[in-house]
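*Asks:* For reference, the chains in residue letters:
Number of protein chains: 2
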Amino acid sequence: MSKFDEIIRLSGYSRATVSRVINHSRHVSPEAREKITDIMNQLNYVPNRNAVSLSTGQTHQIGIVMASTSEIVLSFLNQFVDIAMDYGFQTIIYTTRGDKENELRAFEDLRSKRVDGLVIVTCVNEPRLLKAYCEYGPIVSWQRMGSDEIPSVAMDQAEGYRLALEHLISRGYTRIANLFGRVESLNTQSRREAYEQFMQEHHLPVRTDWYRYSVFTPTDGEQALRQLAADAELPQAVLCANDYVAIGIQSEANKQGISIPDQLAIVGFDNTELADTLGITTIHNPIAEQATHAFCRLWAVLNKQQMESLLQPEPLKYKLIARQTT
Amino acid sequence: MSKFDEIIRLSGYSRATVSRVINHSRHVSPEAREKITDIMNQLNYVPNRNAVSLSTGQTHQIGIVMASTSEIVLSFLNQFVDIAMDYGFQTIIYTTRGDKENELRAFEDLRSKRVDGLVIVTCVNEPRLLKAYCEYGPIVSWQRMGSDEIPSVAMDQAEGYRLALEHLISRGYTRIANLFGRVESLNTQSRREAYEQFMQEHHLPVRTDWYRYSVFTPTDGEQALRQLAADAELPQAVLCANDYVAIGIQSEANKQGISIPDQLAIVGFDNTELADTLGITTIHNPIAEQATHAFCRLWAVLNKQQMESLLQPEPLKYKLIARQTT
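Residue numbers (my numbering), protein chains in the order written: chain A, 486 to 811; chain B, 486 to 811.
Because the hints were derived from the structure by calculation, they are not lab data. Cβ coordinates follow ideal geometry from the N, Cα and C atoms, glycine included. Don't take every hint at face value.
Beyond 12 Å from chain A on every Cβ pair, some chain B residues (computed) [stated by the list, open to error]:
{"hint": "1", "residue": "H512"}
{"hint": "2", "residue": "F565"}
{"hint": "3", "residue": "R590"}
{"hint": "4", "residue": "R599"}
{"hint": "5", "residue": "E611"}
{"hint": "6", "residue": "M684"}
{"hint": "7", "residue": "P690"}
{"hint": "8", "residue": "E707"}
{"hint": "9", "residue": "A717"}
{"hint": "10", "residue": "Q748"}
{"hint": "11", "residue": "L759"}
{"hint": "12", "residue": "D761"}
{"hint": "13", "residue": "K802"}
Quick look at which bits of chain A chain B covers, simulated, 3 or more residues with Cβ under 8 Å [stated by the list, open to error]:
{"hint": "14", "stretch": "522 to 529"}
{"hint": "15", "stretch": "695 to 704"}
{"hint": "16", "stretch": "750 to 761"}
{"hint": "17", "stretch": "774 to 787"}
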């Protein structure tokens, strides 16, 4: 006799009731749940989770899709994994290395019900290709997708960028270089447009010759400043893709004897702990809160209901944090 | 007729053969595999992964257990996820926040076959409790466990620590403070013993009054230096738990006008990219290679065979990287 049949025999309940208890279904009387759980424990019975998933149609797993687990996405990832765990969901990480086929595996796993939902941190496939997968389960994105089918929890980075620009102009820095991330990303587009619009509004020069792309790491930052410093004219300020790039700029400026902030002002993005340690002016980006929003959206679809308190979270807001580099 | 039966009918192969193709079993002729795969594609047939797991007894998922996904574990995690994906395994992250019950969920998932194996990055439960789970699947640890049942891919940190000490002594720094991580971890014990033994061998003072514990982040490093600097006597050198702590020490020393390396030498640990950017002397720690070793061990057990080329990897070696802080 299998342990499952043993539980039915000992409890006196039907196969259906025992099954409901094992699958954490709500439609069971408290007495039945208690008695059956006790017997399960006595028999040291552990249901095979794959069988449970097959019968409930839910895996309680959510996939998270990203090119790689860089420092930049770490606080999003941490918060997402944490809150998902609080609500009984586990997180599977799909790192794609920016490869389209690798990335599609995550979406195929949604189709084949290995995961109940997906959150996209970064992706390289076209939204119009990915949105076909929405019929298999909820998909939410951190990266802005420009697609109604795949909602994004991202904030418009133009808003944060304008804070940085206002700060720089108010301190008299008008010749500004921009170090961007991925050239094709919507965030980069937003930042670039915010810069161009802001400068035009203030009748200041738009220095497209000081645009740099694919600047992500401290090493990228060091290299970018070496290039900028090799030219005849040095910018008065550098707006960085993130704080790690700003650290690279700061370090290279120190090496070259460029005085900060007199000869060169630096503004990072995200407000990581290291920006605080190293005194770097930056834009506070509520990344963890965006991860909470992402989970809430998935949860609401999966459970066909709103989360009680969680779906009235703080509104997401950028904030300028002025430190020694401006 | 189900799609599965349709495939049997159209292909002319038996139920067992079709099943083997769906479950990626090797015991199928190439002709059968090609014909059945073609028909699966024509019918747009996607097997339910939970059903596949139930029939094969493998989920192709590996759990990775850690307190949180800090920068320190990032390169281990990245490499593990990457190599696991290369070999057809997905990685589930269990972040436990150092909570024993949370942590046991991962081990219960091994028992209930949600994952095929586990890799422990950090854990708080006693090894003697955890080793009972080894009967349900392979478990490998990065953290040193002091248990034969759960093999560890960790290196003896005493070796790396001695490199740092030799370097410091050779440059004339003999009054040395130690900033450790978790007080109870075997790594901390190794480092502390290495320090005490080394100093005694060289007839130099063992400064237990300069031991600090639970120093993990840049902010922790800043605070530690503020405390050390408040005392009558400043150490000549600080050995840090990791590079992030070293960054905090470096930054705080700059703020206090303590000249590096004349008044204070700093040695980090791990050799992260930022240690390079900021010119911090450190110990290169082959973390990614240890993640490769961890996966290879799990893979060998799960597949009851050695990996061809992967199991003759480079031997793991620490290396001193001298920069401007010594």
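*Asks:* For every hint, state whether the structure bears it out.
*Replies:* Hints and how they fare:
For H512/B, the shortest C-beta to C-beta distance to chain A comes to about 22 Å, beyond the 12 Å cut-off, and the non-interface label holds. The non-interface label for F565/B is inconsistent with chain A: the shortest C-beta to C-beta separation is roughly 10 Å, within 12 Å. With a minimum CB-CB distance of about 8 Å to chain A, R590/B fails to clear the 12 Å threshold, and the non-interface call is violated. For R599/B, the non-interface assignment is contradicted: its Cβ lies about 4 Å from the closest Cβ of chain A, within the 12 Å cut-off.
Look at E611/B: its CB is around 20 Å from the nearest CB on chain A, clear of 12 Å, so calling it non-interface holds up. Remark: the non-interface label on M684/B is consistent with the geometry, its nearest Cβ contact in chain A lying 30 Å away (cut-off 12 Å). Non-interface status of P690/B relative to chain A is upheld: no Cβ of that chain comes within 12 Å, the nearest being about 30 Å off. Its beta-carbon lying about 6 Å from the closest one in chain A, E707/B breaks the requirement of being farther than 12 Å from that chain.
With a closest Cβ-Cβ approach of about 26 Å to chain A, A717/B is found to remain outside the 12 Å limit, as its non-interface label requires. No beta-carbon of chain A is positioned within 12 Å of the beta-carbon of Q748/B; the least distance is around 18 Å. At roughly 6 Å, the least C-beta separation between L759/B and chain A is not larger than 12 Å, which violates its mark as non-interface. D761/B, annotated as away from the interface, has a beta carbon of chain A within 12 Å; the closest lies near 7 Å.
No Cβ of chain A approaches the Cβ of K802/B within 12 Å, the least distance being about 24 Å, so the stated non-interface status holds. Under a criterion of three residues with beta carbons nearer than 8 Å to beta carbons of chain B, the stated coverage of the stretch 522 to 529 of chain A fails, only 0 such residues being counted. Residue count for the stretch 695 to 704 of chain A with a Cβ under 8 Å from a Cβ of chain B: 3. That meets the three needed, and the coverage hint holds. For the stretch 750 to 761 of chain A, the stated coverage by chain B is satisfied: 3 residues place a CB nearer than 8 Å to a CB of that chain, which reaches the threshold of 3.
Coverage of the stretch 774 to 787 of chain A by chain B is violated. Counting CB-CB distances below 8 Å, 0 residues qualify, and the rule asks for three or more.
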